[in-house]
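Residue numbers (the numbering used here), protein chains in the order written: chain D, 257 to 555; chain E, 40 to 345.
These are computed hints drawn from the structure, not numbers from a lab.
Note that the structure is predicted; figures quoted are calculated from it, not measured.
Heads up, a few of these hints could be off.
Said to hold, decoys possible - Here are the computed distance ranges between Cβ atoms for each label pair:
#: 1; chain 1: E; residue 1: F162; chain 2: D; residue 2: L384; range: 55 to 61 Å
#: 2; chain 1: E; residue 1: L142; chain 2: D; residue 2: N312; range: 52 to 58 Å
#: 3; chain 1: D; residue 1: S440; chain 2: E; residue 2: D242; range: 22 to 28 Å
What the hints assert, rightly or not - A partial selection of chain E residues facing chain D, derived with a Cβ cut-off under 10 Å:
#: 4; residue: T54
#: 5; residue: V58
#: 6; residue: L143
#: 7; residue: M145
#: 8; residue: T146
#: 9; residue: L147
#: 10; residue: L149
#: 11; residue: A150
#: 12; residue: I153
#: 13; residue: F194
#: 14; residue: T290
#: 15; residue: I291
#: 16; residue: P295
#: 17; residue: A304
#: 18; residue: A320
Glycine residues also receive a C-beta, built at the ideal position from the N, C-alpha and C atoms.
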Amino acid sequence: MTALEATQPGPVRELTGRRLARFRSGDLLVVIAFLVLALIVTCALIPATLAPHPPNQQEITQRLLPPSWMARGDSKHLLGTDQLGRDLFSRVIHGARISLIVGFSALLISGIVGVAIGLLAGYYRGWLDDWVMRLADVQLAIPYVLLAIAIIAVIGPSTVNVVLVLAVNGWVVYARLARGQALSLREREFIQAYRALGASDWRIVLQHILPNLLSAVIVVASLELAGIITLESSLSFLGLGIQPPTVSWGYMLADGRTYLLGGAWWVVTFPGLAITATILSINVLADWLRDVLDPRLKI
Amino acid sequence: MWRYIRRRLLLAVLTFWAVSTIVWGLLYLTGDPVAVLLAGTPAGQTDVDQLRRALGFDQPLPIQYLNFLSGAVQGDLGNSLRSGEPALLLVSRRIGFTVELALLAMTLALAVSIPVGIVSAMFRGSLTDRTLMLLSMVGQSMPIFWVGLLMIAVFAVELRWFPAGGAGGIKYLFLPAATLALYPMARIARLVRSSLVDVLNQDYILAARARGLREALVVGKHALKNAALPVVTIVGLQFGYMLGGAVITETIFGWPGIGLFTVTAIHERDFPVVQAAVVLASGMFIALNFLVDLLYGWLDPRIRFS
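From just these sequences and the hints, can you work out the full model?
Structure, rendered in structure tokens:
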């Protein structure tokens, strides 16, 4: 869960050699994260071109082959095969697509809805503001994973429903952020001046308050993306998310976990590695974005 | 202080009421609650009508809501569709397992994250700090179900130190607790560090150092107390995460807590049990955050009077 608060700007940092060295090693991490994410986005865009086999092609005689560098491995299956003889490498590549599609759709919906609600609440205040903030408090008081699986249990698992459930989870953070900014900006002199000049509320909110909010929204969105993708893969892992034949990393893990006890570690290791690499890269980039765009934002 | 407590308590009760209403409303998401309850069963029209009357779903919506409320305040959240026993009773029988799991996990998380955060903040910028923070970033990025499966692969299948699942003594509890602890551990370590760094930049710390106090005393006595505030909040919030994380951890390790029970209930389409689980878990979370609020008000008098 995320709490936002602006703090006083810290003392001016002196530029020493040690500090420079730290910046450089930090930047290297950012470059690596960027490259990893670029690779994952490429997989999501053109999986069929990159993968050596179709993701759902079964070869029962080739089931549970270990990765190719191991003793019983087959050079045709770089990361080995799963319990149905499907090529793991190809499935990991194909799995990138649904994670990113679901992640970005949910992010966009919750971001737009959340910012809109927050702006209205903060700008007009009154009963709207009271209700919106109460609702946000109530939602934060529910352990959301439990509520999410309960909702999915009623409306049924499907890609669209997963996006909806994730979007419903996400709007609160943006609403609080946008409300806080709108509340403080509406009293500022430049906004008062526009109002005195006769600008409409719409114009003030869209052209003068919203732009002031964007960098903070981008930072929060990048941090939220990691959480959304984690939650999607968790739901898929429980069988309440993305359904086969669509390949998703979470479902691959759930599917393969029975074979773990038999020693087939690769079936669960590689999809999990893919999720972790994605989330780690997003987290590193989000941290960096915050430092660059809005260092006062403490999350 | 009493006014503060009263206001917080009122807020907690209102929140709980709102949460219960939302959970009640879930059944109506698809339009017909009876269809949700009977989905996947070969029920004929007479069965549907019978259940509709038996559960009061044939009455006007406001009456249904009042029936739900009057039942809920008496601890009646409906009966399990499988066993016919009260859903709340079934769920509360399992809650002890989850509490046990969450408490051990939180103890593990705090025991590691607080020292790590302090060391990182005291030697910020050093190689130690960077390594620890990179590690915590990795820990924060690993999905919990993957952590659990890796734990099983390494400690149960390869090394055979712990059982892969089930319930029994402490040795069954260790792997699930370690799994559940990883995310809060990473999260709290980063927060302790950033919060302590903030405090160490304040003037009163400079004053303490100028008086010639030893660094251990400056950090341990003067800085930590103020740095603890955000940490207390996040510990409360992380328990909420744990209630969710327990769903996955318990599923992986077959730990018979409220999470595994809920997932099983979903697969058996026993919806009253699912509802009872969400209400009970939310109630615990709200109560816990109420306690955190009290602790907060006690730690920081400015909050009580605002």
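Okay, the hints, checked on the actual structure:
Between F162(E) and L384(D) the beta carbon distance is about 49 Å. The supplied range of 55 to 61 Å is therefore violated. Our hint of 52 to 58 Å for L142(E) and N312(D) is violated, since their Cβ atoms are close to 43 Å apart. At roughly 26 Å, the beta-carbon separation of S440(D) and D242(E) lies within the given 22 to 28 Å, and the hint holds. Interface hint status for T54(E): upheld, as the beta-carbon distance to the closest one in chain D is roughly 5 Å, under 10 Å.
Taking 10 Å as the C-beta cut-off, the interface hint given for V58(E) holds, the closest approach to chain D being about 6 Å. A cut of 10 Å between beta carbons decides the hint on L143(E): the least distance to chain D is about 18 Å, and the hint is violated. Hint on M145(E) is violated. Least Cβ distance to chain D is approximately 15 Å, over the 10 Å limit. At a threshold of 10 Å, the smallest CB-CB gap from T146(E) to chain D is about 20 Å, leaving the interface hint violated.
The closest approach between the C-beta of L147(E) and any C-beta of chain D is roughly 20 Å, which is over the 10 Å cut-off, so the hint fails. Taking 10 Å as the C-beta cut-off, the interface hint given for L149(E) is violated, the closest approach to chain D being about 17 Å. The beta carbon of A150(E) is not positioned within 10 Å of any beta carbon in chain D (closest approach about 22 Å), and the interface hint is therefore violated. Here the hint on I153(E) is broken, as its CB sits about 19 Å from the closest CB of chain D, past 10 Å.
Restraint check, F194(E) versus chain D: the minimum CB separation of about 12 Å is more than 10 Å; hint violated. Given the 10 Å rule on beta carbons, the hint for T290(E) holds: about 7 Å separates it from the nearest Cβ of chain D. The beta carbon of I291(E) is positioned within 10 Å of a beta carbon in chain D (closest approach about 7 Å), and the interface hint is therefore held. With a least beta-carbon distance of about 17 Å to chain D, the hint placing P295(E) at the interface is violated under the 10 Å criterion.
Hint status for A304(E): holds, given a least beta-carbon distance of 9 Å to chain D, under 10 Å. Satisfaction of the interface hint for A320(E) is found here, the shortest Cβ-Cβ separation to chain D being roughly 5 Å, below the 10 Å cut-off.
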